[in-house]
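Peer 1: One-letter residues, chain by chain:
4 protein chains.
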Amino acid sequence: MSPAFAIIAGVGPGTGASVARRFALSYPVALLARNPDNYTSLVDEINKSGGKAIGISTDVSDAGSVKKAVEEAKEKFGDKCAAAVFNASGPFFRKSVLELTEREFVGSYEVSCKGAFLFSQQTLPLLLAHSKDSSAKHPGTLIFTGATASVKSNALMSSFSTGKYAMRALSQSIAREFAPQGVHVAHAIIDGVIDIPRTKEWLKDMPPEAKIEADAIAEAYWNLHTQSKRAFTNEIDIRPMLEKW
Amino acid sequence: MSPAFAIIAGVGPGTGASVARRFALSYPVALLARNPDNYTSLVDEINKSGGKAIGISTDVSDAGSVKKAVEEAKEKFGDKCAAAVFNASGPFFRKSVLELTEREFVGSYEVSCKGAFLFSQQTLPLLLAHSKDSSAKHPGTLIFTGATASVKSNALMSSFSTGKYAMRALSQSIAREFAPQGVHVAHAIIDGVIDIPRTKEWLKDMPPEAKIEADAIAEAYWNLHTQSKRAFTNEIDIRPMLEKW
Amino acid sequence: MSPAFAIIAGVGPGTGASVARRFALSYPVALLARNPDNYTSLVDEINKSGGKAIGISTDVSDAGSVKKAVEEAKEKFGDKCAAAVFNASGPFFRKSVLELTEREFVGSYEVSCKGAFLFSQQTLPLLLAHSKDSSAKHPGTLIFTGATASVKSNALMSSFSTGKYAMRALSQSIAREFAPQGVHVAHAIIDGVIDIPRTKEWLKDMPPEAKIEADAIAEAYWNLHTQSKRAFTNEIDIRPMLEKW
Amino acid sequence: MSPAFAIIAGVGPGTGASVARRFALSYPVALLARNPDNYTSLVDEINKSGGKAIGISTDVSDAGSVKKAVEEAKEKFGDKCAAAVFNASGPFFRKSVLELTEREFVGSYEVSCKGAFLFSQQTLPLLLAHSKDSSAKHPGTLIFTGATASVKSNALMSSFSTGKYAMRALSQSIAREFAPQGVHVAHAIIDGVIDIPRTKEWLKDMPPEAKIEADAIAEAYWNLHTQSKRAFTNEIDIRPMLEKW
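Protein chains in written order, with my numbering: chain S, 216 to 460; chain H, 216 to 460; chain A, 216 to 460; chain E, 216 to 460.
Chain S on its own, in the form it takes in the complex:
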């Protein structure tokens, strides 16, 4: 196992947990979520099955909290980060522009974009260190989880989509700045319903291929991570075969 670690922000029962498990097969993992309930049993599971994991309660929209979390991971796992995955989302509102409060409108940006910025600022130096380490197997990789709303902004979705469009802009700017220094930056457009406990009742008359499997997202992220410096993919979309788009 490499001395580098992986860090995942926004660990919950879906994509975050799957990504954590997948990257834990190769790296110690630091799992960030605001609520420890979202990572406690997962940390146990990984540690019991031969991996190494720590959980850190973090508010990604708070600069101090993010700094502290990354420092804790660094103390524990060293100053090289092989992969940083930003998977957090703020509160979601389907509401008219006329009905959203300022707080509700801004909430999505606070997490999806400002949070992604704070997380990137703290992890990029460690990703750069890994990319410059000639013994590193794969380049340091920074992945952002986007959504349909990253590229299409529907009615009543202004809060969510402004945050997601902004995050996509951030990922592109970081890619253009840090790819020449060897860091692989990728943005994933998750276009469809992910099959998690919370969405159990959605699309329930449809076959399983109507929803995205979280483990399959994790596999796609791992494949991004293992791309060589001579073939970086900066954006992928992911959708189930039965999705209309």
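In short, the hints are calculated from the structure, not lab data. Idealized CB from N, CA, C, for every residue including glycine.
Derived coverage of chain S by chain E (criterion: at least 3 residues anywhere in the stretch with Cβ under 8 Å from a Cβ of chain E; other residues may be distant):
#, region
1, 392-401
2, 419-427
3, 431-440
4, 448-456
Dock chains H, A and E against chain S, hints included.
Peer 2: For chains H, A and E alone, coordinates are given in the frame of chain S:
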């Protein structure tokens, strides 16, 4: 002259002033800028040349300030708004993601997106009222001024582009919500240097066609405003003939 | 009236006729269609109402036919072209990829893209001549009529959309080559049903604002034509207020 | 080894050969190129190293030739196709729209789009058969190799980009038609110079990370192929870390 008015946020010596002059040919205009220096002489000029104008010192990133400004315009000019143009931009930083402060990073969003949201919330009821007025000559029109950075996010531009991508998402969501109610929402991608006092020294070895003329942007906005409900344009790009793109 | 003329390819009862009438207010117009029935009465109408028009039977997918048509227009109206509008479309098939014949698949490209290329090759020298004429009121303008299928390629639409995507690529390449020489090149994404005799029965339970008015497209094209060299718009979308997008 | 085979059109010394080698690790492969010199030694190499390969001289722009090629592959390897990769490109011209002959302009479309259509028509029934085979390890996968010119159409590039834009439209339409039937359709935007013998002298003062490694493209294609029906990626971009974009 119709009883409806036009309101322009972000009035300065460039696009904002040109738009103000153009729309003042047909409507009373309310001109918003944080610093009264940006509108005082323009308000005089319009009032002296047969138009009607007021200036209102406004911080578009502050909900109370925007509300107060729109209420002042409403008291003065009535409760129908023919056109609302959001032309404000926050502070601009060309800086590495690693060097931006949180304050600097967020500043662009605060104006470009949150400001656009606050402005839209206050003006949409007046735009709807105008669109539903059968005597209105042109549908109520809400126009956002974007930039190259609304669709391309370069290195060192993360602050500016995240704000501009987010504003574009906002404009699309509002368009999809309010077009069916008769409000025309348009987003303009201004792709090039605008020829204003501040950019006098830029591209100065090039012919005038290397820069965009602010009056020509205003004309394009006017043409958007006069489109019928049966032919709304939701996005245009504008660039000078010598621009590389 | 300027000595320059306008030329419109793909004149039928909808957009083409409206564009012809609009540009005939300022220029002599040459109207191209394969079937003379599509322009005969329109030519009469324009000539009787104080304009100047000729109709030329043209197969835009045939190099010789296009060359002959433009030469005829040139002989009649001189060697300066103020505006060239490409509005032709090939046969339309809504069919599975597995059911389309090669002939059917290629038919859309033959008109929408190859035809647009042939038309551009013949008209660009005349547009350049006009743009370089210092007495010209507006820059020489080349406009292509695209569709929703220019940017979204749905199932069963492969023939139509491949032709339209290709035409959009052509328009962008021509814009980048000829804008620096003063020719304004624009592409219009017509996103919705145009209200013409053939679509009379479509959406008939909806209000008029569910369909695009052809005259309003023509007005938008005229507004593109009158843009200055310091503010070219290269792409617009046009849709009725009730369109879902 | 599964009874299904893979078929690659446009086998040359770069991407095609790498894809052939990669997929030959799991499937018998049929390699199509117009000139047998492009596959003869590769076929030998694969057969000698434990794989199975045949080469078939094919003009992808000719319906009869494509049909015959796919039938030959079917006779040899059975009626299930696990993966079909379209990697062919027509002749390339960097020329003004005014200087291109009709033949030159159309040449790119003939291969990139019409060829892709003919190849898809012949392979889709075999891909569907594979996707419906419950013993298939991975869904039938159809991959198209695009380029920077698939999404940006520069000056002097109209021939190449019209063909590539059209191919992208084709891939999207096929994806939307056949994904619900279980076929994975993907389009790859190869954005940069591929490191092949022909490009040896290009960018030679730059480090290797200025060019794309063909084997890395092949690995990305393999990763697309192995995605589950619950997480299809329909578009990826691929560029070397030092590429400007």
